[in-house]
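**Student:** Here's the letter readout for the chains.
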Amino acid sequence: MSKIQVKICMGTTCFVMGAAHLQELVEILPEKYPDKVEVSGVTCLELCSDASKYTNAPYVKVNDDVIADATIEKVLKHIERLLENGQE
Amino acid sequence: MFIDIDCTQEKKYNQNTYGDCFMSKRYPEKGELIAVLSDGLGSGIKANILASMTATMLIKFVEAGRSIKRTCEVIMNALPVCKVRKISYSTFSMAQCNEDGDVKIIEEGNPQFVYISDGKVVEPEFTVIDSETFKNRHMHVYKLKLKLGDRLVFCSDGVTQSGLGNPELKLGLRRSGLIKCLLEKINENPDISSSELSKNIVRIAKNTEVDRQAKDDISCCVIHYRHPRKALIFTGPPYHMEKDRHYALEFQQAEGKKAICGGTTANLISRELNIPVLCDITGSVGKLPAVSKMEGIDLVTEGILTLTRTVEYLENGFKEKEKNAASELMDFLLNSDCIEFMVGAKLNQAHYDPNLPIEIEIRKNIIKKMAKILEDKYIKKVIVRYI
Ligand code: FES
Chain S
1 MSKIQVKICM GTTCFVMGAA HLQELVEILP EKYPDKVEVS GVTCLELCSD
51 ASKYTNAPYV KVNDDVIADA TIEKVLKHIE RLLENGQE
Chain H
1 MFIDIDCTQE KKYNQNTYGD CFMSKRYPEK GELIAVLSDG LGSGIKANIL
51 ASMTATMLIK FVEAGRSIKR TCEVIMNALP VCKVRKISYS TFSMAQCNED
101 GDVKIIEEGN PQFVYISDGK VVEPEFTVID SETFKNRHMH VYKLKLKLGD
151 RLVFCSDGVT QSGLGNPELK LGLRRSGLIK CLLEKINENP DISSSELSKN
201 IVRIAKNTEV DRQAKDDISC CVIHYRHPRK ALIFTGPPYH MEKDRHYALE
251 FQQAEGKKAI CGGTTANLIS RELNIPVLCD ITGSVGKLPA VSKMEGIDLV
301 TEGILTLTRT VEYLENGFKE KEKNAASELM DFLLNSDCIE FMVGAKLNQA
351 HYDPNLPIEI EIRKNIIKKM AKILEDKYIK KVIVRYI
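Residue numbers (this note's numbering), protein chains in the order written: chain S, 1 to 88; chain H, 1 to 387.
The following block holds chain H by itself, in its conformation from the complex (with noise of 0.2 Å):
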């Protein structure tokens, strides 16, 4: 199965950065995960700061091998008490989650997660470990086995607290309205992604508090086992020619979203499945060549400019009015799960002749900093092959 994770936030009003702080991360090779969401005191800067501390210590604990369970429980009973309002510096949650299902989660002084199974609420035991060094401080600790389409969310209770003083809403949306609204949202679309889902709840969250001013920070973080969204990107022609034919039946018969990075390698395709290129140059848009046309390939661009300003859109955001072939591939990595790239090793010696006007980098080059971003950034799949 594969684990979709994202979470949404929202500043408290008037601040200019988060209180709370999400971290997640990826391990492949052992198809596991593991994500925090603190919240820590206050607000602004100074809660920012707590709270990415107990996230930052805890992943690095686990990463060092430690139990989840050992390491929450060295956290709490290390965080220290805020000397006026006599509270922990910080809170949070900690979840640890394999593709077979198996997870592990550790709450300390968050609201409850929810767990959604086939569209209905699932309240899991736990357990509760005291801490030693303070009392009134414990956690709670679930061990869950999840099955395909199962959710999780986590929030920070400027969530769950929305609305507080909302004439309509004394106590705020609380668990039962943030219940209320994420089975509403998964009834009308089963498959939102984690993206999406935690959007929404954000924007509700926001939308209930009086004159639409967060009072607290807001955060919300989906965790959705799903079958893997796969995509595969051909790009560069084969090192060997005769191999050609072999690697475009592959391309034309594997599973998922396609797309082809390259003119040179569109023509190889074309020429062996015998599907014309329709190239459309009206389209070209912020000084890339435009995205053509191929039936039965999800998406086909120019290869090198193209790849090199994808890189630039993944590294620093879109921030053009329009759309353009770079952005278009960014879409389409974006809205999948595990990603492969077929990369021909064969370099197209004119992209090497000094009289270019630009320098043109090399594909190899290009393809293993996408993939590092898309993994590091984007918590994606990424499977590189050289043909």
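Chain S extracted, bound-state conformation (with noise of 0.2 Å):
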């Protein structure tokens, strides 16, 4: 079974927009799930650049998905959704 890898965008855009909320992840997550996720924060994930969609940051990257517009509960259930889907 492999982890889940959440990656939080730490990047200035992303961090700006909110991405400070999200660190709370880094306890929630392990707590909720133990040996099921892994996250860590990743510099700028060079979504934000993209000028069609650089207003929904903060991003989040679960597995190869990436979410948007991130907050906690978007990021809860993604992760919900996967593990039902039998990801395990």
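Careful: at least some of the hints might be erroneous.
Said to hold, decoys possible - The calculated DMTMM-like cross-link candidates involving lysine to aspartate or glutamate, where the alpha carbons are at most 25 Å apart (straight line), are:
id	chain 1	residue 1	chain 2	residue 2
1	H	LYS287	S	GLU27
2	H	LYS346	S	GLU46
3	H	LYS287	S	GLU24
4	S	LYS7	H	ASP353
5	H	LYS180	H	ASP244
6	H	LYS257	H	ASP191
7	H	LYS287	S	GLU73
8	H	LYS287	S	GLU31
9	S	LYS7	H	GLU272
10	H	LYS293	S	GLU27
11	H	LYS293	S	GLU24
12	S	LYS32	H	ASP280
13	S	LYS77	H	ASP191
14	H	LYS321	S	GLU27
15	S	LYS36	H	ASP280
16	H	LYS287	S	GLU38
17	S	LYS61	H	ASP353
18	S	LYS7	H	ASP298
19	S	LYS7	H	GLU295
20	S	LYS7	H	ASP280
21	H	LYS321	S	GLU24
22	H	LYS243	S	GLU46
23	H	LYS323	S	GLU24
Since the hints were made in silico from the structure, they are not lab data.
Grab the two chains, each in its own frame, and use the hints to assemble them into the complex.
**Tutor:** Here's what the structure looks like:
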């Protein structure tokens, strides 16, 4: 079983658009899903520089899926869906 | 050679301002530096005004192109005498140094400076110039040639007279005591920075005072000739993407300490040099993204937000309880002598989107501001290159 990789963008754009709050995921996720997810921060995912969608920061990547306008709830929902679909 | 200079001061007990004044200025184009330590008569605000006036006049005169000898002579002849105490309003030491080690020093009334070379004190020769207007007043003129590792230490009499009346040191620390402390410290740590050494001396002077209360203003200024500590900061992606590799390699091969400020910049270097970026989010402190790690690079931070905050700290001092990325960057800068910025000129469009909750300044402007503060306030040598 491979862990679900959660990458929180800590680049400037994402940070000022609210990624600072997403840091809580570092505590929440391992508690909620021990051994199932791995959270890390990353430098700018370079999604923000795409002019057509940069207003949707902050971005979080869960495995290969990009979550735009990320909130803690959105990330949790996404992980749940992955787990239900037997990602384990 | 690089001239590392710093001064530490302590106010006289119960006074709320310094009665000694230290000023120094670097002239990078000429590779030169002038420094003045002036001790105003008495203490508190009056002394402070007298000392600052003397120091400012000396520096302005030299800046206007006079020789330091002539300058000091004019000031010596002009300084009035206090009616009550019949002594002059202020005393001073002035030094003019260049990067080749040529040093001119003039002293008027201050304790004699200490010249340390190869762990020993050298007593250099001097000429005496008497004042035309005041008898009993004269200045000492020195011409020295310093080499790598040499130090000059200037003190106000608050240092040499500290401990006066202390049962063990009836005459105070005196010059001999000062020399003993200096040699001990330098022996312990031959590379000690000027800021550390001057802090140490002031601490010792204060501790020798009865009840640890400074009876006079205490100042100690240290000048040290050494190899410059170089630092290189890469911030922002280069304007032409084709040049990414070229600049990444240049960055890797440069000597000295290195920092990257900017996530995109870190990604770019990581890609070109094949070094992974390890990002730690648990450590985001004080509303700033945390520092990341990259092998071979001393500091990796986010860009604009961290740089903006660093400028704030450099301007107003760091007052927060916890260290954060900006305070680390500040330490990185202050622990270097020659600082070079490689500033990528590419704009990050996303930063200028009106939907962002805060206004983000243009990188170029922040760096310009930072460079100016580092030069003016912290007397660093700064080079900014736009790439
Ligand atoms: S800052 Fe997050 S994608 Fe650029």
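**Student:** For every hint, state whether the structure bears it out.
**Tutor:** Against the structure, the hints:
For the hint linking H:LYS287 to S:GLU27, the alpha-carbon distance of about 17 Å falls within 25 Å, and the restraint holds. For the suggested pair H:LYS346 and S:GLU46, the alpha carbons sit about 14 Å apart, so the restraint of at most 25 Å is met. Only pairs whose Cα atoms come within 25 Å are accepted, and H:LYS287 paired with S:GLU24 is accepted, the gap being roughly 13 Å. This hinted pair checks out: S:LYS7 and H:ASP353 have alpha carbons roughly 24 Å apart, not beyond 25 Å.
Under the criterion of a C-alpha separation no larger than 25 Å, the hint pairing H:LYS180 with H:ASP244 is inconsistent with the structure, at around 54 Å. Using a Cα cut-off of 25 Å, the hinted pair H:LYS257 and H:ASP191 holds, with the two alpha carbons roughly 17 Å apart. Restraint check: the Cα-Cα separation between H:LYS287 and S:GLU73 comes to about 21 Å, which is no more than 25 Å; the hinted pair holds. For the hint pairing H:LYS287 with S:GLU31, the CA-to-CA distance comes to about 24 Å; that is within 25 Å, so the pair holds.
In summary, the hint linking S:LYS7 to H:GLU272 is supported, as the alpha carbons are separated by about 22 Å, within the 25 Å threshold. For a cut-off of 25 Å, the pair hint linking H:LYS293 to S:GLU27 stands: about 21 Å separates their Cα positions. Proximity of H:LYS293 to S:GLU24 is assessed by CA-CA distance (about 21 Å); at most 25 Å being required, the pair is judged to hold. Simply put, S:LYS32 and H:ASP280 have alpha-carbon atoms about 20 Å apart, close enough for the 25 Å limit, and the pair holds.
Distance restraint check for S:LYS77 and H:ASP191: the Cα-Cα separation of roughly 57 Å exceeds the 25 Å cut-off, and the hinted pair is therefore not satisfied. Distance hint between H:LYS321 and S:GLU27 is fulfilled; the C-alpha atoms sit about 23 Å from each other, no more than 25 Å. The suggested pairing of S:LYS36 with H:ASP280 holds, with an alpha-carbon distance near 19 Å, which does not exceed 25 Å. Taking the CA atoms of H:LYS287 and S:GLU38, the gap is near 23 Å; set against the 25 Å cutoff, the hint holds.
Between S:LYS61 and H:ASP353 the alpha-carbon distance is near 22 Å, which keeps this suggested pair within the 25 Å criterion. For the hint pairing S:LYS7 with H:ASP298, the CA-to-CA distance comes to about 24 Å; that is within 25 Å, so the pair holds. Between S:LYS7 and H:GLU295 the CA atoms are separated by roughly 21 Å; this keeps the pair inside 25 Å, and the hint holds. Between S:LYS7 and H:ASP280 the CA atoms are separated by roughly 11 Å; this keeps the pair inside 25 Å, and the hint holds.
Proposed proximity of H:LYS321 and S:GLU24 is supported: the alpha carbons are some 21 Å apart, at most 25 Å. Taken as a hint, the H:LYS243 and S:GLU46 pair is honoured in the structure, with Cα atoms around 19 Å apart against an allowance of 25 Å. At roughly 20 Å between alpha-carbon atoms, H:LYS323 and S:GLU24 fall within 25 Å of each other, so this suggested pair holds.
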